[in-house]
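K.L.:
Chain residues, written in single-letter form:
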Amino acid sequence: MKFTFAPEARPLDGYTIKRAVHRGGFGEVYYALSDAGKEVALKLLNNNLDIELRGVRQCLNLKHPNLVTIFDIKQDSDNDHWVVMEFVSGRGLYEVLQDYPSGMPLEEILFWLGGITAGLSFLHDRGIVHRDLKPANVFQDPGGVKIGDVGLSKYISESCRSAQTQSVGTVYYMAPEVAKGRYGREVDVYAMGIMLYEMITGKVPFDGQTTAEILMKHLTAEPDLTCLPEEIRPVLSATLRKDPDQRTSSIEELERQFRNVVATADITAPVPLAKPGSAAAERPVERVRSMEAETVVDIDTESVQAAPAGVAALVALWSSIPAPLQWVVGGIVALLILESGTWLPVAVGGMIGGVAYLGYQLLSIFVGEPFSARSTPHQTAAPSPPVPARQQKTASPAATAAVRGNAVPARSVARNTRDRVYTPATLRKIAKTHRATDITTSISVSLAASALVTAAVFLATNLLKDSAQAVYFAAVTMLAAWALIIPSKIWEGRTGDSFTRRLCLGSLGLGVGFLAAVLPEYLLISHDSLFEGSYKGAPVLIGRVAVADGTGSPTVACFMMFFAALFSTRRWWWQVDSFRKARFRVSSALFTLVIGIVITGMLQNFSFPDALGATWALAISAVVQLSAGWTPAEDRTLSPAPALVPDQTPPRSVNPQVPLAKAEQASFN
Amino acid sequence: MNSGTLQLDSQNRQNRWYCDTCVPESQTTVKGNMVATSPCKKYMLWIDGVGAWQLCVGESFVVGAPSFEKKSADIALLANISRMHASVEHSGEEWRLIAHQPTTVSGRTVKQDTVLCSGDEIQLDERVRLGFRIPSILSTSAIIDFESDHRPSHSVDGVILLADHCLLGPRRDHHICCTHWPDVVVLYSIDGKLRCRSKAALSINGQIAGDSFDLKHGCVVTGEELRFRVEQME
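Residue numbers (our numbering), protein chains in the order written: chain A, 47 to 715; chain B, 198 to 431.
Hints in this document: simulated from the structure, not taken from any laboratory.
Just so it is clear, the structure is predicted and the values come from calculations on it, not from any experiment.
Any given hint could turn out to be false.
To be verified - The following residues of chain B were derived to be distant from chain A, with all beta-carbon distances above 10 Å:
1. E291
2. V307
3. D408
4. D411
Claimed, not checked - Derived Cβ-Cβ restraints for the label pairs, each shown as a range:
5. A:G190 - B:D310: 34 to 42 Å
6. A:R302 - B:S352: 31 to 39 Å
7. B:I334 - A:E141: 20 to 28 Å
8. B:R368 - A:S148: 18 to 26 Å
9. B:D310 - A:N125: 58 to 66 Å
To be verified - Capping the alpha-carbon separation at 27 Å, the derived lysine-lysine pairs in BS3-like fashion look like this:
10. A:K84 - B:K413
11. B:K238 - A:K84
12. B:K396 - B:K413
Beta carbons are placed, not taken as given, at the ideal position from N, Cα and C, and that holds for glycine.
Next comes chain B alone, as it looks inside the complex (with noise of 0.2 Å):
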């Protein structure tokens, strides 16, 4: 066997893992009530110089523990929680948490669903605590931290839930700071279609690129001094 069979062999079986922690979309039962699990396009964000991040493109998110029976949540954390512990929804300009399971929002119990506002710190269970923060007045987008030592099962810095754009840039306030790039660079999500815009100079696999194009899968966007990676996880 060479090599080159070698690099097809790990990618497939890299995609295979992606794919084994993906939740299908269908309707689940948890504790008796009809939980719907979301058709959330899940893409990983390998970008040099500055982390991973995993972007979930949908309106509605499952937080809970990774499953080998293919049924895990979106954004699937190694800890002792339930499978769907909790669901996080976008709606118009307004975030909400719905529990499926003892979850608290910045000390407060939630029965049913709560609305969600930035810095608030839900806590899962007992020991799982994820921070949830809008950093752009410019956008509703949410960033998902991971406040206590639960994570996925690979590295992950955050988890950018996409309501309309993600800013990747070198402020403080973009979604992704990216101290060292010189530009802004925009994700946003048309027709189930990940998107990419930026004023700079940019090309796709090599390829010069436009003002926007699409990302798919496996596709490395480079820029004067930025490259990044987009993975589709399902």
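So here's chain A without its partners, still in its complex pose (with noise of 0.2 Å):
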């Protein structure tokens, strides 16, 4: 496990780090010392800094024995953003139940209970929701139980109750309404009602073998309560209730009913085995115990608003679908298309796509990981040569397949749960020089991408007819592809709305359909032969712009509007970024042939080639794909480091001669 800091550094002035103690979702927290020697935890936030800074800021002064006091908040001279913290020295929730894997003593499940009570309450009783209430952020201290992570608190105001921009939570912990950005106290609860299981039993309530399928059980499936003593299972009911509306109303409440219950029964009484077959011989396996908790789920704003609840909610169900069984539901979805006649766009997307996928796994194998945004440190066999002051930290594959939803062995996230999560929405710094090295290497790979495709269009259909127009659809498709390269890796790592970036690439999409227009006439190439088979109809003007001539050859206008409404509706970016989920997506080309069949078969009226159209927004996709840097999931870091030696150099901080810009270089190379 890497951390960004070493021993004895001082990213803050009047505080010494002397180890890192752990990586959690929202960023990595050391124990230091003051220079008084007063013992602190330091929180870097590396991400999700909005909602980490504001949540911070709101629980700043609050003063409550169960809940880790915020000492301050500052920045370092990078500008990156700590908490400065009360340490707690106890164990954690999480590692007091690894001690207890058939459940803890009821005496013990009391006393947690009941410091995590007094805490949340406090909270709630102040209008903030915790969120992110789970094992790991709970602690034994000498003066009783802590709640960490307040940072993450939210307040509770009606106006904001599902206006979230960010999902953020736990997936064991979370309740069902959070896939729908609804954060009410009920949440604390409903995460209260999973520990209070996980302390009696031993296990989660819902479990599974994929991210996605513990989410759909939260949102669909009802506990298997029968591994509980009788006496118990209305209170728990209660409080693992879908519709935070019917659930336990206040933690308090669940506290109280809990204490009422156990004061009568006999809860640590051994409970039957359900017989196999039954619901309860399907309760969940007991699960792998480590960090796992840790695991965070992040979805972006797009998707939160694009995607509701049942959107949700199917593809969960389509990744928890087994492999076989996805197959199957995809051929018979081909058959229809080829029913439908629409087969020539499919079955050219599909030689694109295996042309594409067969090159990028030849390159693979003569040069390694191809055009990595970023080298692999983990290959070396060496130790990592100098002890860094500052680390590049590493994302597992696991973990970064794990978010939205996708189909991730449990066990693997369970190996790779203290690492974060990154996907394009993870918000990051790259240096200046590495943006320019990585566009110029995704335009430079873009050519070869663009013959690759080419080459595989003219070989496989009968599109181009000869070798003047494949020159014309791969200049099209190549210069398709910069003006998408080019904008989505400035954007990379940063903020930016959705809507205005999309404006953005329409308004390239205008410029690439011009030069798409224009070129035939520059190569010579016969409008008659290359838009053959193009519907003759009357001529169509808006305004003064000929949006049809009525010749059979599609207009400027045309054009323009079919790049433009190809670049304004994908979300490119996604495609482009460094952190995608995987270098080639063959799902995301044809998602974009998709939209190229509805596009051209809406300017088909307008003499528009609609098989050239839609070949062209699959080529477009697979070049980009391709062409643009990708970072492997293990070597995904937020921050650049310095290859800065402790006791030798000091850190940043404290030597202005090491220019930032020059130090992060170097951690690229």
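With the hints as a guide, bring both chains together as one complex.
P.N.:
Okay, structure coming up:
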């Protein structure tokens, strides 16, 4: 496990880091001593900065014996934000749970429940909801139980209960309504219910092979309460209701009900095992305990807003279908497409995708991981050379893929749970030099990729009649890829409004469309041959602009409309981002193909060639994905690290002679 | 004053702070008896993602309260106990506890001394409870756990009394359980020097290290999935 700061580093004046404590979903935590010897925990906020800072500032002056005290928020010389917190030396509930694989003693449960309830009710009473309650955030201290990560808390207000910009939480303890972006105090009650279940039985109620499966169960499955003592079942049943309005109303109410029940019942009595085949027999397998609880699901604004819970559930459902069944369903869909008569673009798409994938595999064989945005330090056998004052952090491929409900084996997630899930939505610093290198490399690679894809189209179809038409197709594909890659790479790691980005790409699409329209003249390509078979309709004028001229060849305006629509409909910057899920995703290319088919269908009456248009959409997607720099999940980092050696070279903050950009560049090489 | 100077000052202050809690090698009188204070060497192991452990190297270790008169115990607990409340000694494969003040071991009052077995609970006066365990059958090195809330003045997860080897690794029977480490790292002492050995490829202060190497004050040991820093407390 790698951490950014080495022992003895002093990122903040007055504090010396002694060791790293852990890496959570929202930042790294270090144990540090002030110059006077006061122990503190320093939390470096790497990501979700706005959320974290907003939450922490709200909680800065809260004082309660059951909450980890936040002392201050500071900024280091690199403008990174740090939260200075009380250091809690005791064990976390997460660790304690490992000592009790079959459930904790009642006395212990009541101890934790009492402390958590006191801390949470204090927060709720002040209109704050924790949102990320989990065993890894609850600690035992000489002063009692302490709840940490209160910085993630969010004010409860009616206006913003469903207007979240990001959903943040832990998948095992995540209430169903979080999928809709709703965060009331009920999410804490739900999480407490899950934790109670886990404390009693030693396992969580909703488990699965994939993150998506677990989320799906939170949304739809009823918890198996048969492994609980009978008296406890109604209490936890009410706590784990899907509908927050029907859930136990408050954390105090939950504690009161639980204490009332256990006062009369013996919850330590063993529960008889259910017979095979019964519902109880399907209770979740005891999961591998690790910092799995750290797995964080991070849904970006657009996904939450554009994909309501129903769509999210469908996506999760698809991911939970076994792979063979997915192939069967896919086959049926393919047959339906063939039946509908739009098979040509699909066939071309398959050919392009196949050739592109083959090309990628060949490149992988000969040059390792081609065009990766960063090197792969883990592949070297030698130990990491200098002990850096600022090391790069790594993210696991499993954790990365775990985002957005994708099929990742839960065990893989478990092994890498402390790692952050990095997605294109992850905000990060990218050095200018690195960004420039990434763009130029991507553009260079797009030349070869365009040629490869065009060759596939040329050989597999009769869309392109001769070599001149092939050159034309390749040139337009490449121009389009450039127009998409360059701005997307500039936006990478930054915040940005989706609408503005689409508008910008749409404008670039107008330019590409214009070039695509005028290029045949310069290449001496006959329109009749190129657009053979296009619909010849009546001339169409929009204002003074001729969208169709009735000759059977698309006009300049028609070309511009096609590319503007294609560029602005897809979220291209996700296909370009270095933190995309995979270098090349066939599903993404096929979805672009569908978009292309729809757009060409709409422009068909204006003489726009449908097969060529759809093929262009697919080819552009393939070229963009193949060309754009991509970072393998295990090498993903948030902030670059200068290779400075503690004890030999002071940290950056005390060495003004080490330029930041230079140091960052060094870390990439 | 620039920040570099501040950093040095900070380190000096901390070293001084550690020195202030050290016991000088000497003879001390407790209730009229001569008690040999140990020539124990103490180290702090700051282990990323694991914790902070005190490593004591020697034959005899004094347990007591800290002192501001340079007479602190090897295991100095912020507790209402004597500055030299008891001693733990190692001889051959045996650990013995010598009580200088009221002490019980697993409920038995210790009049003078007693043999310590793995799993024993040491109680100093009425409220201070320490656990004694020997986690590995491969080594007689012992661990002192803090059972009650009484701890040293800085956060320490436990104290390792080094007899022969100290094992840092992923298993529960290692002295320091580092669950995410892929390999075992062995610490041992030869000729008064603390050394480190591991099958894993390690580097020390950024330089690739051999199979075994000396651990000096301030050195940082780094591996593929591990990092720890050693500080000598004297």
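K.L.:
Each hint needs a verdict: does it hold in this structure or not?
P.N.:
How the hints compare with the structure:
1. No Cβ of chain A approaches the Cβ of E291 (chain B) within 10 Å, the least distance being about 30 Å, so the stated non-interface status holds.
2. With a cut of 10 Å on Cβ distances, V307 (chain B) stays outside the contact zone with chain A, its closest approach being about 26 Å.
3. With 10 Å as the threshold on Cβ separation, the claim that D408 (chain B) sits away from chain A holds: the shortest Cβ distance comes to roughly 13 Å.
4. With a least CB separation of 15 Å from chain A, D411 (chain B) remains clear of the 10 Å interface cut-off, as annotated.
5. Remark: the range hint 34 to 42 Å for G190 (chain A) to D310 (chain B) is upheld by a beta-carbon distance near 37 Å.
6. In this structure the supplied range 31 to 39 Å holds for R302 (chain A) paired with S352 (chain B), their Cβ-Cβ distance being about 36 Å.
7. At about 24 Å, the beta-carbon gap between I334 (chain B) and E141 (chain A) stays in the expected band of 20 to 28 Å.
8. Between R368 (chain B) and S148 (chain A) the beta carbon distance is about 22 Å. The supplied range of 18 to 26 Å therefore holds.
9. Between D310 (chain B) and N125 (chain A) the Cβ separation comes to about 60 Å, which falls inside the hinted range of 58 to 66 Å.
10. For the suggested pair K84 (chain A) and K413 (chain B), the alpha carbons sit about 25 Å apart, so the restraint of at most 27 Å is met.
11. Restraint check for K238 (chain B) and K84 (chain A): the C-alpha separation of about 24 Å stays at or below 27 Å, so the hint holds.
12. About 20 Å separates the Cα atoms of K396 (chain B) and K413 (chain B), which keeps this hinted pair within 27 Å; it holds.
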